[in-house]
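When you get a sec, could you build the whole thing from the sequences and use the hints?
The listed protein sequences derive, respectively, from chains F and R.
Using my numbering, the first residue of the first sequence is number 53, and each one after it goes up by one.
Using my numbering, the first residue of the second sequence is number 99, and each one after it goes up by one.
Rather than coming from a laboratory, the hints here were simulated on the basis of the structure.
The beta-carbon is built from N, C-alpha and C at its ideal position, and this holds for glycine as well.
Misleading hints may appear alongside valid ones.
Examples of chain F residues toward chain R, derived with CB under 10 Å [to be verified]:
1) N68
2) V84
3) Y135
4) L141
Computed list of chain F residues with no C-beta within reach of chain R, every gap over 12 Å [to be verified]:
5) W72
6) S97
7) V145
8) G156
9) V160
10) R207
11) V223
12) G226
13) I228
14) V234
15) A249
16) I271
Chain R is faced by these chain F residues, among others (derived, beta-carbon under 8 Å) [stated by the list, open to error]:
17) P140
18) R143
19) S288
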Amino acid sequence: MNIVVMRLTARSLLGNRRSWVLVALAALMWIVAGLTRWGSGASPSATAGLMTNFALGTLIPVMCLLIGTGVIAQEIEDGSIVYLLAKPLPRRVIALSKLAVGLGAALVFTVASVVIGTMISGDQDWRISIALGTSTALASLVYTAVFFAISILSRNPVIVGLIYALLWEGVLAGYIPGVKMVSVRQWALAPAEDLLAAHPAWNVVSDVGLVAAYVLLAITFVAAVYAAIQRLKTLSVRVSE
Amino acid sequence: MTAIELAGVSRWFGNVVAVNDVTMTIGPGVTGLLGPNGAGKTTLLSMMSGFLPPSSGTVTLDGAPVWRHPEAYRRIGLVPEAEAMYDGMTAWDFVYANAQLHLLPDPGAATKRALESVDMMGPRDRVVGTFSKGMKQRVKMATALVHQPDVLLLDEPFNGMDPRQRLHLLDLLQELGAAGTVVLFSSHILEEVEDVAGTIEVVVAGRQAASGDFRSIRRLMTERPHQYTISSSDNRSLAAAIISDGSADAVTITPSSLEVQASDFGRFVHALPRLALASKISLDEVTPADESLESVFSYLVSR
Chain F
53 MNIVVMRLTA RSLLGNRRSW VLVALAALMW IVAGLTRWGS GASPSATAGL
103 MTNFALGTLI PVMCLLIGTG VIAQEIEDGS IVYLLAKPLP RRVIALSKLA
153 VGLGAALVFT VASVVIGTMI SGDQDWRISI ALGTSTALAS LVYTAVFFAI
203 SILSRNPVIV GLIYALLWEG VLAGYIPGVK MVSVRQWALA PAEDLLAAHP
253 AWNVVSDVGL VAAYVLLAIT FVAAVYAAIQ RLKTLSVRVS E
Chain R
99 MTAIELAGVS RWFGNVVAVN DVTMTIGPGV TGLLGPNGAG KTTLLSMMSG
149 FLPPSSGTVT LDGAPVWRHP EAYRRIGLVP EAEAMYDGMT AWDFVYANAQ
199 LHLLPDPGAA TKRALESVDM MGPRDRVVGT FSKGMKQRVK MATALVHQPD
249 VLLLDEPFNG MDPRQRLHLL DLLQELGAAG TVVLFSSHIL EEVEDVAGTI
299 EVVVAGRQAA SGDFRSIRRL MTERPHQYTI SSSDNRSLAA AIISDGSADA
349 VTITPSSLEV QASDFGRFVH ALPRLALASK ISLDEVTPAD ESLESVFSYL
399 VSR
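Written out as structure tokens, the structure is:
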């Protein structure tokens, strides 16, 4: 890891409008949580439903998309990445440094959104906070890594990312059996299902077994990071327009 | 001696051949890579700076490839054309960060030296996003020089500079070249290359059209007649003597001078003083008429 790359990345990730959008999304989560509490009378079941569907299905992927692309996509698009690449630093170090900043930011924003949202919406002895907080953390790590890789591999990372986040994870993975098996959201829900096994009424279920889920999350994370590093090693930056 | 070597280098993108079998050695001193837009200069620079692999052939710095060898950037300084930088940072902070990324032992001193060399110490605490294009260009130069590289690659470096800044950069490049740095810059503007490059590599349609200083390039083209403007004490008599000698192709008499076209440059140059002496005519001025790079380039492009 290189601390200068991390510092530059943190600065460009958080130093502009993007951080305000992330805060706005978190605030949106909390407002919806407030409405849920008001509408359901602080029912844990309603909270669980909100977090498994809205949070894990839509909000978290979108936040991770903003962060995962925010740490590198703009620099690749406008060519300023050349200032990092034309240095005696292994590309692996550059990639991992940027990713580390992204992962850290993602964990902070997403877990805070969900845990505080759960508190607002209505919990029971912190059970949902812990369970869904865990799912959120795992999902964020993998989503961020995937979007980071897409930023390097694709010329249109935001579009590809949105299609994946909103269509695949947000809609299809909620309903279609086959898709559910290939969904970060479903994998991340497995630990929550396990932690909330004593409360089946809350309906926190995953279509994937616990061990399989952990394995799939790990494989996806590693594959994304590996693909990102390999592609960065051969990235052709145009020296001029 | 530090040198970038291209051996039989070609690069294609699908069906388009951007660079076609180019072999050249860029050594210490200032070299201008000259060619019209679309000639392949950008592609060549991208390969030399390690951001594009050749489709065939090799591109090496002192025998070692640059592609996929980030270590090479210890010795290479790159001034990209892309305008975007880390606009939210001050000039000092940006150059300092570059110095740190180069793993320099004293980034502060290096930053100061680099900013001084491009005359940007005054606005060093201003944010880069507020700079004019010329100032941004100078900051880019500073980032390329901060680690005192052996090789400096510049893409259209004079873009957006006012005359004073341009002269300053010319001096800087000449200083670096004289100190033994391998300086290569690309341009499609002939005056820039003429002013500062000791060696010129002319690239046209992906091929190397010519190489050398611009006068020697001109000499290579024996098919095209050399032109001379002569003024003497008796132009008409001299014209008659030249024509009957046969060493010139055509002689034109103008009110003030003689315009001579000679395809056999060597023979004419030897004949002229002899003819003048024999006719007791004194030569006041003998000027090669089209030694400028402009005519060289136009000729090469149309060849």
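So, going through the hints one by one against the coordinates:
no., hint, verdict
1, N68, "7 Å, holds"
2, V84, "33 Å, violated"
3, Y135, "6 Å, holds"
4, L141, "6 Å, holds"
5, W72, "15 Å, holds"
6, S97, "46 Å, holds"
7, V145, "9 Å, violated"
8, G156, "20 Å, holds"
9, V160, "21 Å, holds"
10, R207, "15 Å, holds"
11, V223, "36 Å, holds"
12, G226, "40 Å, holds"
13, I228, "38 Å, holds"
14, V234, "33 Å, holds"
15, A249, "49 Å, holds"
16, I271, "27 Å, holds"
17, P140, "5 Å, holds"
18, R143, "7 Å, holds"
19, S288, "5 Å, holds"
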